[in-house]
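Q: Okay, here's what each chain looks like letter by letter:
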Amino acid sequence: MTVRIRGTSEAITIQWIPKYTLLERTLHWLYAATFVPLVLTGLILYAPFLGPLARGGAGEFVRLIHRGAAVIFGFLPIVYLIIQPRRLLLNLREFIFDKEDIGWLKGAFGYYVLGKHTDMPPQGRFNTGEKLNGVVMILAWVTFGVTGLVMWFGKGTVPPALFSCMVIFHDLAMIASVCMFLVHLFLAVAHPLMWAALVSMRFGLTSADYAAEHHAKWYYGPKRAMEIYKAEKKEASEASRLGH
Amino acid sequence: MQLNRRDFLRLSGGGLGTLLTSGVFLPKRGVKEVLRPAKADIAMLYDSSKCVGCRACQMACKRWNGLPPESTEKEALYENPRGLSEKTWTLIKLRTAQGEKGLFHKYQCWHCTDAACVTVCPTGALYKHEMGFTAFDAERCNGCGYCVQFCPFGVPHLQVESLLTGAAKATKCTFCQDRVTVGQRPACVEACPTGALLWGQRGELIAEAKERLATLQGEGFAKANLYGEKQAGGLHALSILLDDPEAYGLPTTVPTPSLAHIWQEVIQPLGGLALGATILGVIGAFLVARRNIRMEEVK
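Listed in order, the protein sequences are those of chains A and B.
Each residue of the first sequence is one higher than the one before, counting from 8 in the numbering used here.
Each residue of the second sequence is one higher than the one before, counting from -9 in the numbering used here.
Same shape as in the complex, but just chain A (with noise of 0.2 Å):
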């Protein structure tokens, strides 16, 4: 696809390779499209600076809200577990982290922060930010969900102490999920690196040039991959041995 500037009468040509299909896009927003409420009506009930929000019927609703997102919010995962498990599996063993984290993690404030072309280790289908994320996603998906259970059918039956952790656990949750959603937003929608993001997530497709840039080990294969970043690594020490 040729792609022109706007302005000039310059034109890039992008090839497209898919990265996401139909059904994992669709959970994908309706995924976002739930954290978002679930974030906003559960931050009332969190925040002393919002209990006015919480209170009386005002309140009422606001509970109402989550409990409803929350219903949808669970049941994402189990329909891509049910209509797409071998995809599901697939994308899971890519949240394996590997010895590149390492690299990935050393560089990427130089990298996505300072705009150093740093030589980053080639990454996977996704890079360590987005392990991590989807790490930290799986894993409060799991929180709250046995959390939310207890603090909604369990009142009354379950004994105080382990309904005032699953509190605690519900905000840690919370917590740590927000924070990564923050950064994941920011790198996905606002960071210019990150253009391609957005898009293979709205249109399932990803730019040749970006995967191989991006996530090497993905596009090449780890084998293919591996051979050229040292080989770049090679070059890049010889260039400045040489003063160029």
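Everything labelled a hint here was simulated from the structure, so no lab data went into it.
Remember, predicted model here, so these are calculated numbers, not experimental data.
Honestly, I wouldn't trust all of these hints.
If you want the ones that stay clear, here's a sample from chain A, every Cβ over 10 Å from chain B, calculated [unchecked claim]: (1) 64; (2) 67; (3) 122; (4) 150; (5) 237; (6) 243.
Computed cross-link-like contacts, DSS-like style, restricted to lysine-lysine with a CA-CA straight-line distance of at most 27 Å [stated by the list, open to error]: (7) 241(A) to 106(A); (8) 113(A) to 241(A); (9) 213(B) to 118(B); (10) 240(A) to 230(A); (11) 162(A) to 83(B); (12) 162(A) to 159(B); (13) 113(A) to 123(A); (14) 40(B) to 29(B); (15) 159(B) to 77(B); (16) 159(B) to 83(B); (17) 40(B) to 200(B); (18) 162(A) to 200(B); (19) 241(A) to 230(A); (20) 162(A) to 118(B); (21) 162(A) to 77(B).
For glycine and all other residues, C-beta sits at the position ideal for the given N, C-alpha and C.
Chain B: place on chain A using the hints.
A: Below, chain B without anything else, positioned relative to chain A:
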């Protein structure tokens, strides 16, 4: 590219903003404030040795607070109903130790000084009244039920309007707040025919209780004790008991609501700090990245 001074200022400005943001998540009460009942607080003293178990207090409570009757269990001879509920805010319990005389006890909200229900209430519906008792504002309550779960005595109950929507209101003894705030005595105190219920300043009631205890101990009730002087920061419904608190089904040491305090005073501010840091970190990173990353080089 090095982190220059402007970038440094932007990022550290984020840190400063974070501290300010986390402040709004702090609970209204200071973390280290020691809770102590004031001598002038109003309080109730129940004397188990004077109680005859007539349950006039129970009836008066129902009548004044407009509480409906509830169905009872056939086998329950004296404790009737068996426990507190959204329809019963106080009741006389009868404990019978083997081969001994029964022990009466008036069960109700004890109006703790360190009240877990007040600590966890997100709406301020439950609050400590300036007169010392734990007051309740039904208008503010949204029925979340945290008070029910965190109270170490299991006192508050939810009046559930709909299981599906979760619409509910918390209920509990309020010391008849509509009476005591205009200088009257609670309905139960007013109704007690034997002088087992006294009403007054907490300090004076404790002094009175100690005199009664000395008399009781002289009469052979060696285990007689005052319940509530120290428990949960000091209760505002005090009881003269003839036996150990455990014989009455009461804990000698009320567990401090540590989970409630951890939740409200540690997790909430820390969560605010984490969320604030993330928001400002992300904004800072965006401002710095926008200048440093040249789109022409982006693949």
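Q: Does the alpha-carbon distance linking residue 159(B) and residue 77(B) stay inside the 27 Å limit?
A: holds, 12 Å
Q: When you check the alpha-carbon spacing of residue 241(A) and residue 106(A), does it fall within 27 Å?
A: holds, 19 Å
Q: Beyond 10 Å from every chain B Cβ: check whether that's true for residue 243(A).
A: holds, 16 Å
Q: Quickly compare the C-alpha distance for residue 40(B) and residue 200(B) to 27 Å and report which way the hint goes.
A: Holds, at about 15 Å.
Q: Between the alpha carbons of residue 162(A) and residue 159(B), is the straight-line distance 27 Å or under?
A: holds, 14 Å
Q: Check whether the Cα positions of residue 162(A) and residue 200(B) lie no farther apart than 27 Å.
A: Outside the cut-off at roughly 40 Å; violated.
Q: Has the given pair, residue 40(B) with residue 29(B), been kept, meaning a C-alpha gap of at most 27 Å?
A: Holds - the C-alpha atoms of residue 29(B) and residue 40(B) are around 25 Å apart, at most 27 Å.
Q: Say whether it holds or is violated: residue 122(A) keeps its Cβ farther than 10 Å from all Cβ of chain B.
A: violated, 3 Å
Q: Classify the label on residue 67(A) as holds or violated, using whether its beta-carbon is more than 10 Å from each beta-carbon of chain B.
A: violated, 5 Å
Q: Is the hinted pair residue 113(A) and residue 123(A) satisfied, with a Cα-Cα distance of at most 27 Å?
A: holds, 12 Å
Q: Just to be careful, I want the Cα atoms of residue 241(A) and residue 230(A) compared with a cutoff of 27 Å; is the pair within it?
A: holds, 17 Å
Q: Checking one constraint from the list: CA of residue 162(A) to CA of residue 77(B), max 27 Å. Satisfied?
A: Between residue 162(A) and residue 77(B) the Cα gap is close to 18 Å, so the pair holds against 27 Å.
Checked against the numbered hints given earlier, this structure breaks hints 1, 2, 3, 9 and 18; the rest are met.
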